[in-house]
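Participant: Sequence:
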Amino acid sequence: MNGLQALRPILRLFFRTKGSALYAGIAAATVTVLAGIALLGLSGWFITATAIAGLSLATAIVFDVFAPAAGIRFLAIVRTGARYLERLVTHDATLAILAALRETLFRSWAKPAAANALLKRPARLLFRLTADIDALDSLYLRVVVPIGAALATALVAGIALALMHPLFGLAVALLLLLVGLSLPLLAARRSEKPMRRRAKGTEALRARTVDLVAGQTELLMAGRMQGQNEALIRADSYVAASDRTLNRVEIRTGAGLGVAHAALLAGGLIGAGWLVQAGTIGAPVAALAMLVILGAMEPFAALRRGAMELGRTILAARRVGPQLRDEKVVAGLPTPPDGLAIQLQNLSVRHDDAAVDALKSINLTVEEGERVAIVGTSGAGKSTLFNVLAGEIAVKDGSARVLASCLLTQRTELFQDSLRDNLRLAKPDADDAALMQALQTAGLGEFVETLPSGLDTMLGEGGLGLSGGQARRLALARLLLSESSLWLLDEPTEGLDGATAEDVLARLRAQSGGQTLLVATHIQREARICDRIIVLNQGALVESVRMSDQRFGEILNTMR
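Just so we're aligned: the sequence shown equals residues 1 to 560 in the UniProt record's numbering.
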C-alpha cells in the first residue's frame with residue numbers, strides 16, 4: 001500500500017520521542033496476550049486432567065492439584081498486571097507524543113507566511129490540530145501494538161505446539177499469520193478510500209457548521225441561509241454514505257475473521273485428535289492445544305479496528321507529514337549593527353497573486369530607544385511593514401536586520417483560557433508575582449484582585465468577560481512581560497474611548513524607557529508619544545520627519 005510510506009515520518013517521530021516507552025508498551029501487550037493464552041491453556045489442561053484423574057481412586061489420590069492451581073493464580077495476576085501496565089505505558093506515551101506533535105506543527109506553521117493558506121480556512125487549521133492529530137493515535141495503539149503482539153503470539157504458539165509435533169506447530173503458526181494478517185490487510189485496502197472520504201466529509205461538515213454558526217446574521221441578510229443549510233445537509237449525507245460503506249466492510253471483515261478462526265480451530269481439533277490417536281499426546285494436552293489456538297486468535301482480531309481506521313490515519317499523516325520533514329528551528333531576522341534597532345535596505349515585498357509590490361525599495365534606519373510613528377492611508381503598507389519586522393513575512397528582495405520584537409496587533413488576541421495562561425503566552429515561566437506586577441503596571445491589577453478566582457478566572461472565546469479597555473490592558477500586560485527590546489504597536493488604542501486610550505498610552509510611554517517603539521497609526525494621540533514620523537504612501541517611504549521639524553506638527557494636524 002503506497003499510503004504506508006506516508007506513515008514513516010510519523011513513526012520516526014513516535015519512536016524518537018518515546019521509543020523506550022513504546023517498546024515497553026508492545027512488550028506489555030505481548031505479555032498480556034501470552035499470559036492469557038497460558039492461563040486458558042493451563043486451565044483447560046487442569047480441568048481435563050482432573051476429570052481423567054477422577055476416573056480411578058488411585059490417580060485421584062496422587063494427582064497434584066496445587067501446582068496447576070498456583071500456576072493459574074500466578075498467570076491471572078501476571079495478565080492483570082501486564083494489562084494495566086500496557087494501558088498505562090501506551091496511553092501515556094501516545095498522549096505525550098501527540099502533545100509534542102502539536103507543538104512541532106505549531107512551530108512549523110510559525111514560519112513566515114506558513115499559516116496564511118490555512119488561515120483563509122480557519123476550520124481547516126482547527127481540523128489539522130485536532131482531528132488529524134487525534135487520528136494518529138490509532139497508528140500505535142491499534143496498528144503497531146496489535147501487530148507486535150500478534151507476531152509474538154504466533155511465534156510462541158507455534159513453538160508451544162511444535163513441542164507436541166513440529167508440523168502441527170508450524171502449520172498453526174503459518175495459518176495464524178496468513179489468515180490473521182491477510183484479512184485485516186484486505187480490510188485496510190477496502191476501507192482506505194471510504195475512510196478518506198469520511199474524513200474529508202467530516203472536515204467539510206465542521207467547516208460549514210462553523211460558517212453557519214458564526215455567520216448566521218450575514219447569511220440571513222444575504223438570503224443565503226437556505227443554501228448554507230442545504231450545503232450542510234449534503235456534507236452530512238456524504239459522511240453518512242461513507243459510514244455505510246465502512247460498516248459493510250467491517251461486518252464482512254468480522255465475518256471473514258470469524259469463519260477463518262472457526263476453520264483454524266476445526267483444523268486444530270483434527271490435528272490434535274490425530275496426535276491423540278497416534279499416542280503422541282494425551283487428552284489433557286490436546287485440550288491445552290485447542291485453547292492455545294483459541295487464545296492465539298485474540299490479537300489478530302484486535303487488528304480489525306486498526307485496519308478500518310488506517311485510511312484516516314494515512315490521510316492525516318499525508319497532511320501533517322510534510323510539516324515534520326523540515327524540523328529546522330524558525331530563525332529570526334539577523335540583528336542590526338550596535339546602536340540600531342532596525343536597518344532596512346532596499347526592502348521590497350509583494351504578496352502572493354498581487355500585481356504590484358506592497359513595499360517598494362524601503363530604506364529605513366531606527367536607532368535603539370527611538371519612538372517612531374508609521375503613518376499613511378489604508379493600504380499604504382503599514383501592516384505589511386510590521387509583518388516583515390515581526391518575521392511573519394519572509395524577506396526576498398533587499399535585507400532586513402531587526403532586534404527581537406514583540407507585536408501588539410490592532411485586534412487583541414485573547415483565548416478561552418485563564419488570565420494566567422493568556423499572560424504566560426509572552427513568558428511561559430513567569431510566576432504569579434511577575435504576572436500581577438505586569439497587571440498592576442498595565443492598570444488591571446486592582447480589577448483582577450477583586451475577581452473571586454483571581455488569575456484563574458476563565459475568559460470566554462476572544463476574551464469574553466472583559467471590556468474592550470480591559471482586554472487592551474491585558475494585552476499591554478502581556479507585552480510588558482515580553483523581554484523584547486523592540487515593540488511593534490499596531491493602532492494600540494483603536495476602538496477605545498478617549499480616557500482609556502490616554503491612560504493606555506501614558507502607561508506605554510512610562511514603561512518603554514529602554515524600548516524601541518514603532519507605532520502604526522492614523523490617530524493623533526498615538527503619534528504624539530513618538531519623536532519621529534515615517535510616512536508611507538502606496539508602499540513607498542515618502543517622508544521621515546523628526547519632532548524638531550515644523551513638518552512634524554503639520555502631519556499631526558492632518559490626523560484625526
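Keep in mind that the hints were calculated from the coordinates and are not lab data. Incorrect hints may have been included.
Claimed, not checked - Estimated spans, in silico, between C-beta atoms of each pair: (1) Leu177 - Trp274: 18 to 24 Å; (2) Ala283 - Leu170: 39 to 45 Å; (3) Arg244 - Ile47: 41 to 47 Å; (4) Leu167 - Ser56: 40 to 46 Å.
The beta carbon of each residue, even a glycine, is placed where N, CA and C say it ideally should be.
Participant: So, against the hints stated earlier in the document, which numbers end up violated here?
Facilitator: 2 and 4
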